[in-house]
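> These protein sequences, in sequence, are chains G and W.
Each residue of the first sequence is one higher than the one before, counting from 0 in numbering that gives the first Met the number 0.
Each residue of the second sequence is one higher than the one before, counting from 0 in numbering that gives the first Met the number 0.
Hints were generated in silico from the structure; no laboratory data involved.
Predicted model only: the values in this text are computed from it and were never measured.
Every residue gets a Cβ at the ideal spot worked out from N, C-alpha and C, and that includes glycine.
Among the hints, erroneous ones may be present.
Said to hold, decoys possible - Facing chain G, according to a computed beta carbon distance under 7 Å, are these residues of chain W, among others:
(1) 69
(2) 72
(3) 90
(4) 94
Stated by the list, open to error - In silico BS3-like pairs for lysine-lysine, Cα to Cα no more than 25 Å straight-line:
(5) G/194 / W/123
(6) W/88 / W/72
(7) W/123 / G/6
(8) W/67 / G/81
(9) G/45 / G/65
(10) W/67 / G/45
(11) W/211 / G/1
(12) G/6 / W/200
(13) W/72 / G/3
(14) G/95 / G/61
(15) W/115 / G/1
(16) W/88 / G/194
(17) G/1 / W/200
(18) G/3 / W/78
(19) W/200 / W/211
(20) W/200 / G/194
(21) W/115 / G/194
(22) W/79 / G/1
(23) W/132 / G/194
(24) W/72 / W/123
(25) G/3 / W/211
(26) W/78 / G/1
(27) G/3 / W/88
(28) G/3 / W/200
(29) G/6 / W/211
(30) G/3 / W/115
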Amino acid sequence: MKTKTFKTTWRNIRRSPYQAFAAVFVMALTFLFISFFTFLLFGSSKAISYFESRPQVTAFFKNEVKQGDIDNLKNQLIATNKISSIKFVSQQDALKIYKEQNKNDPLLLELVTADILPASLEISTTRIQDLSAIDNMLKVSPLVSDVVFQKDVVSVLTSWTNALRSIGLGLIIVLSLVSIFIMMIIIGVKISHKKSDIEIMRLIGADRWYVRWPFILEGVSYGVVGAILGWLFSSGVLWIASPFLASFLKGMSIFPISLLFLFGLLGAEIIVAVILGTLSSFLAVLRYLK
Amino acid sequence: MIRLDKVSKQFPTGVFALSDISFEIGKGEFVFLVGPTGSGKTTIFRLLTREILPTTGEIIVDNFDIAKLPNNKISHLRKKIGVVFQDLKLLMDRTIFENIALPLEVSDIDSIAATKIVEDIMEKVGILAHRDKFPIQLSGGELQRAAIARALTLKPDIVLADEPTGNLDQATAVEIVKLLLDINSTGTTIVMATHNEDVVKALSKRVIILDKGELVGKDGKKLNTSTEHSEKKSAIIDVEDRKLEDKSKDRPETKSEDKPEEKITKKENEDEDF
């Protein structure tokens, strides 16, 4: 491809600025949505990881249970090979945690002693599906007074994320198709405007690709510029909203978003933009340059 | 160089633009394609450049078999033929220089070499002073010269000129024909479609006459025998005895060194063969 091809492409863009603006705007909108959707998926997967990393099952023991019995139960659980982590919290440990959590409320601290706080086992499983089996195992144990587990929180979050992923992908596909059709129309109009010029060029010996390349490059340019604008806008909004989101999602290691992730997203979007731009302009060229 | 063998062209409307046309044009010839509007002159040019395909018959142009030419070879054929279109087909948003450089551009010629070639040709056809003007800023004759210049940039073996004197005054028409004769003198085959009788009569060149898509006249006969032989659909007529002298008196503005008669009254030996 020669410099002349790029010059011709630039001239085509410059001479119809409103059409160029419309094409870039549509592409920017598509990539803005793709960026926001990616942030949402990234955040929700981080949230799931956070919840999955928390103790998923907590078994509270009766006061009269001996340490040896608890150790036996712990070993039985480990033997299932479903456990990713297991931690024993004694009554004294529970009191420390309680004091730490309520250090600003002296009244609550005065009322509580280690005797009334049960010892517990905090258990995480390798897979969420194994939580029910562990839960059943603990419930039938005569040592355990109560079992609390977060299966519902994680499963609800997982199902929401899955739904979000399906809806988002559907919307991305629809928006991409809309972008392709709009780009096809815009480039098709440009080809129609230059029909006589193209005819002249063909009559004096221009081959098909000499005529096609500037239009294909034009489509790619709209795609790439749209992708960069969409990414810039979404990243800017995320940057501005970061302080608020960070305090809202306290404890989850989402913020600050890594620059590597952001630039990786930009790279991926540019690749998608090149594919969309090439596809739409090539379809237009096939349709209008017969 | 150019051979048409029993070529017919029927358009989708059912109209026959050409019927059973056969003729040959040799390398370095200057041939007039003469006939009234609608006689099929432009259709022949469109066939020769593979803009359209013949319905029947065979067309050979510089060893290219037009009917069998694959799509990816069409540009190769067109680069070997310089065409001066009836409506000129200049790009209005490009300068004269850019228009003339276009065939070099599409042929991927280096821009420095292209600039030199284009400037040389512009000088040859006498429009170098207009290199940075747009087509709308030039007169009819200057535009015609620009179109001829563009047709010459790739040094084609064949130049097809479709009514190059169509909308020009007599003096300018003579200048254009003289320019084509100069090009022909370098060995380039020229086929010029025209219905300008004055130009045809003024030159001792071979004439192919078309009427309603059919050839009329007969090879080697005088102009007035065309009707007599029309049924044979093959005519190549020598008009050697028609000199430009009669016409030159009507063109006082033409400089003496530019007078076409000085060149064209000279009998060309090859015309004897027709």
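> Could you check the structure against the hints above and give me the numbers of any it violates, in ascending order?
Result: hints 1, 2, 4, 5, 7, 8, 9, 10, 11, 12, 17, 20, 21, 24, 25, 28 and 29 break, sorted rising.
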